[in-house]
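Whole structure, please, built from the sequences with the hints as guidance.
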Amino acid sequence: MTRLTGGLIDRARDLRFTFDGRSYSGHPGDTLASALLANGVRLTGRSFKYHRPRGVFSAGSEEPNALVELRSGARKEPNTRATVAELYDGLEAASQNHVGPLGFDLLAVNDLFSSFFAAGFYYKTFMWPRAFWEKLYEPAIRRAAGLGSLSMQPDPDAYDKGFLHCDLLVIGGGAAGLAAALTAGRAGARVILADEDFRLGGRLLAESHPLDDAPATEWVARAEAELAALPNIRILRRCTVFGAFDHGIYGAVERVADHLPEPGQQVRQTLWRITARRAVLAAGAIERHIPFRNNDRPGIMLAGAMRAYANRWAVSPAKRVAIFTNNDDGHRTALDLAAKGVEVAAVIDSRPDARAQGQYRLVHGMVSDARGRLGLRGVQIDSGGRREWLDCGALGVAGGWNPNVHLASHHRGRPVWDEALQAFVPGEGGLCGLIAAGAAKGQGSTAAALRSGAEAAVEALAQLGIEARPAELPAAEDASAGLRPLWHVPGKGRAWVDFQNDVTVKDIKLAHQENMRPVEHLKRWTTLGMATDQGKTANVTALAVMSELTGKPIPETGTTIFRPPYSGVSLSVLGGGDTGAHFRPRRLTPTHEWARAQGAVFVEVGPWMRAQYFPRPGETHWRQTVDREVLATRKGVGICDVTTLGKVDVQGADAGEFLDRIYANAMKSLKVGMVRYGLMLREDGSAWDDGTCARLAEDHYVVTTTTAQAGPVYRQMEFARQCLWPELDVQLISTTDAWAQIAVAGPNARRLLERIVDGFDLSNEAFPFMACAGLTVCGGLKARLFRISFSGELAYEIAVPARYGQALVERLMEQGADLGATPYGTEALGVMRIEKGHAAGNELNGQTTAQMLGLGRMVSSKKDGIGAVMSRREGLAAETRVLVGLQPVDPAQTVLAGMHLFAEGAPHRTETDQGWITSACHSPHVGSSIGLGFLADGGARMGETVIAANPLQGQKVALRVVPPHFVDPEGGRLRD
Amino acid sequence: MHFSGLRVIREALTGHKGWKPLWRNPEPQPAYDYIIVGGGGHGLATAYYLAKTFGRARIAVLEKSWLGSGNIGRNTTIIRSNYLLPGNEPFYEFSMKLWEGLEQEFNFNAMVSQRGILNLCHTDAQRDAFRRRGNAMLLAGADAELLDREQVRAMAPFLNFDNARFPIKGGLLQRRAGTARHDGVAWGYARGADMRGVDLIQNCEVTGFRIDGGRISGVETTRGHIAAGKVGVAVAGSSSRVMAMAGMRLPIESHVLQAFVSEGLKPTIPGVITFGAGHFYVSQSDKGGLVFGGDIDGYNSYAQRGNLPVIEDVAEGGMALMPMIGRARLLRVWGGIMDMSMDGSPIIDRTPVEGLYLNAGWCYGGFKATPASGYAFAHLLATGRPHETASAYRLDRFARGHVIDEKGVGAQPNLH
Amino acid sequence: MLIPHPLLGLRDAQEFTYLGDAALLNRPDGMAEGAEAAFAEYVYLRDNPAGVHRELWFHEQGDRSWLVVTRDTTTHEILGAELARDVKLKGGAA
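Protein chains in written order, with the working numbering: chain A, 1 to 976; chain B, 1001 to 1416; chain C, 2001 to 2094.
Note that these hints are calculated values from the structure, not bench results. For clarity, every value in this text was computed on a predicted model and none was experimentally measured. Hints may contain errors.
Unchecked claim - One side of the interface only, derived from the structure: several residues of chain B facing chain C at Cβ under 7 Å: (1) Ser-1240; (2) Arg-1249; (3) Glu-1253; (4) Ala-1399.
Cβ atoms here follow ideal geometry from the backbone N, Cα and C, with glycine treated the same way.
Spelled out as structure tokens, the structure:
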């Protein structure tokens, strides 16, 4: 096959590419489809269900047939439409969905048995014997189904996301879109013009009609140059607007580097979120075909596509072609191809009064069959009952055009049926701010498209108060197509409606026969419109066939609702760069670098990375390290970064009153200079979060929260301040990031701190347990000191401005060297709090109550604290499970969190379940495994033996119920 | 008409002339003993079990649109019984057992496929929670396995084990879980109910309830008044709207959940996988599309469509978990309206109006519950007593403090 | 979605955290007689209208204002936004 004359390809350069391992060449400006056709390749793939041989059907993103696996290795991209894949040097493509060679697909056996695979057949069989579904039938179906395959390797390319804003987004750069962009651009509006093609012009590139007596491409080039020169216009080529979302937000993907062998330093694609005050939908129209027997043979394509291949790409799919049409548009294709020297065997027009518009044979009739399994060899013409076979290598089918209403449906706006056009057009008032124009609105002639594009821009800008005059437009053809609907050719045999999913007219008839008549039932029963093209070339035709069967007009039969995306969008670009280690930001504590230098192992704690433990040389197991850290803290002094706990600064004359309402327990009565443990409830009465509340001054408190709830607690406090009690004089600010907070715990804690405070009296009398103060340390550094303990030891938490956190820890380590100062991580922290019986995330899991935590008496009934009322509900009051300590009867046995608790001798079932273990660890202090858990009537069962069952891992352990304090139950150490 | 492989062969050889409508299109009768409002999965299943298991007659299902047009027609098809709390787990396990015999029971291949669900954990605390949950599942007679990292890798080597922000530490596996063809479930129940005389009435919207002296006597519809002895409402997504016509306010908000399908691919993902450190879950349909989803959009909505941020969030989760899906393309995203209840668990109960019953609040988990929900609702309608596995799903549990809060996030529906 | 912040103009909804019905402004008096029933209604029951909905959004990634946004739940169209504090001081959500 040789090229025709003309076209928008650069013949001076050759591009090499391979398809199924064979080498071919094309030119810049080609798509893979045009280059394959230029090389005489008509067979490009296989259909989904029957594995029928298929070829290029369209010249755009609506392509149902010519899907390939593009590229190789980790860049392999399945289901790529050859019709929009821009050719580059070295392109590799392979056909997909076949077993054996493309020309001899073993699964084509399905086609022989197709009558067994009619619509919905699989719902009626494969049920016996039951076990065979998963073992036999389903695996076979799954292997045969699917289309292309993934490489199963991570995508090596980079992606980006960006935000754009404009007054007017013009979707589509054809006649209507260019007219709209020129009109708006000249009026000074901020305009974004997005087009999915790599070249602006849309259908103008595919037509031979002149604009102002010159080739349309000249006008396109002038318009493009003017737009490019306007600073208020941004042109996005290779950019598909794929979705219309609320309030004028559009999703778009720019294929930055898909036309290159590799992206190199660029990103491959960019996801744009475009916020547009108004938009013009100038997305054109998609031609429809006319089903007849064997209308899926490779070589049968849309007539408009055939014309596009000839005019834009200088390619004809065959030397001798025929056209089947129900409107004048088919004749244009015949004229254009004839003008390029292609032999037009006949134009078959279903309109009895149609007239030839040039020197070609016109047949009044229909195409009733086609032959040529791997490539069309001829079509059967039925002219008033007279049948003849006509030899041809390609057939263009022109069934009329469907406005591309896709984006106008994304807001669930229903398209409306236009009787004159015999097509659905965008409905009125569907999507606020989106105005359709050109062929997308049914204004299909070039002149009408230009005019309606300009008018749409004027209308959109007028809504924004921007005055615009329609751009002056070139003279253009303004013919009507004179369409007389023909939705399918009646007759025997299979006539395809949806090519990719193999839905035929017969399938629709069967759906009708089985009462699957509502359009959604039709779709779901037959899989119509569910292929990668979302039925762009099938849905309306199917509705028309169903309408014929039900005798109801098409609009009463139903409408098609399109959903985003307009065409497939790679998951890579939707994810942007936020993958792998960059999936979420990492928050580092102020002492992170120091901890890393100490060899710390880090652990993910929500958004934070925290030091989990600090292994030393010679330690071979994490338990060794953790045990050492615990014992060093309990015997000497341990140092731990607790910055991640949330901190909220509360100030104002009503701060105390405010906190009384936030906490379950009282805070107004807290003395200045003291700290109180505080429990917050949710309004539904469940325990929510705990922490400390320090009163630094009469009108100044500092609240701490757990790490996990720092954000939610602050949000809730702002809710209370602004929405519940705005009359209170109180101000809040989150200071979690402002202060580095370091726990200094252990019998030597005071001695260590004495070495860094600036003349501050740390004696038990001057600064007792639960005291707090502002002070300076290390010679003038502002600090806050809290005498609080999570470990059960004599302990303090000292806060300094975050940027001094690391210096403080270094100073503490240096000053504490002789006191045994030891850094400890979250593991040791966890062990010590379990030993001490403090609740943490596993106990405060949102399903427990103050009563269960043994804190029921903290919930004050003397004030209106959040959650207090609901905590008294019958169901919460009746709960008997309370927090207990648990110790294995045999110290060699291990307790695990998540074990369920049972009375000795009771069966292990849901009904006899008495509780569960929330937290467990090895306690170096006790010398065995220990746990905390909620146990029914636990308070009354001290000393009793219960069974902890872990059937999941085949374990069962006898445990003794003990109070939930394994260290210093009287709390003497805290107060020393 | 009985469906079978033989029947398919016979029809294929005789031009498919013998296939009968899957159900009739009856005109509404003036009165029924039982009216089910809502022809979705739960409504159809309720009618089916009322007729078949409880032997009731004079039953109608009223559907404002087409059968199966609600959430049964727009979900991500997962079936599982991997719940923690005793109010839930026995119910969902009952549902799982019904799934296991469903196709033979109603003679329709709903493609129930027990390919397993794997929930991944990324922290020690999550593993502890999985241990507690897995044990709760076993105690209720379900199946569960706790996997370590290497066992997860063996099952799903394509997950990100190399540079994950939240490394995979293990997983909770339920092998009996899987997927089912969602539309097929609706059609199977519809056909089974129709065969037993239930009138399935499409395009019939209920516009009001007729209540006399605190007792229901019928419904007003777009096709006229229809008298009824008992009325069961199963209209998830619209529960608040419908029950407002009976003067009730519900512990429910309507939210949009988006679901996603990729273009068809050769077999890639064996079962269902859920990400424990982001909002993402995925399975692969028999047709080859990756079916996936994430979090609800998070604001009250009746619009059946969502917005871009959640689409991006879900894709981020997917790419973080299994970076090899990057070159697959999203084919379609759609939205469904969820009855998000105040504790994340459903309601199957009588109402203050005598004879009016409510089945609601399924959040985004209604599909897997379809068989048990239908069965339990039919039990309640037929006997007046809750089914033993659904006895916790009471309407008054909120006021009384017996909530069933699997996630422990309290009375904020968009967090469940 | 875009939310018209009364102080900051149009802001992307992603900057906000959603809570729910603005009736949450009307917290019952916890010390009053019959508080439990009033709270049960306040905490759990919602009108959940299909149509105009007054609802609370927190500008978490912004100025930390709580807003009462009026929005149509069937179309997502936003009809207005006020500072929740002002609404509360004027007597709460209707």
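Hint check results:
1. Contact between Ser-1240/B and chain C, as hinted, is supported at the beta carbon level, the nearest pair being about 4 Å apart and thus within 7 Å.
2. Interface restraint check: Arg-1249/B against chain C, minimum CB-CB distance 4 Å, threshold 7 Å, status holds.
3. Among the interface hints, the one on Glu-1253/B holds; its C-beta lies about 5 Å from the nearest C-beta in chain C, closer than the 7 Å criterion.
4. For Ala-1399/B, the interface hint holds, since its Cβ comes within 7 Å of a Cβ in chain C; the closest pair sits about 4 Å apart.
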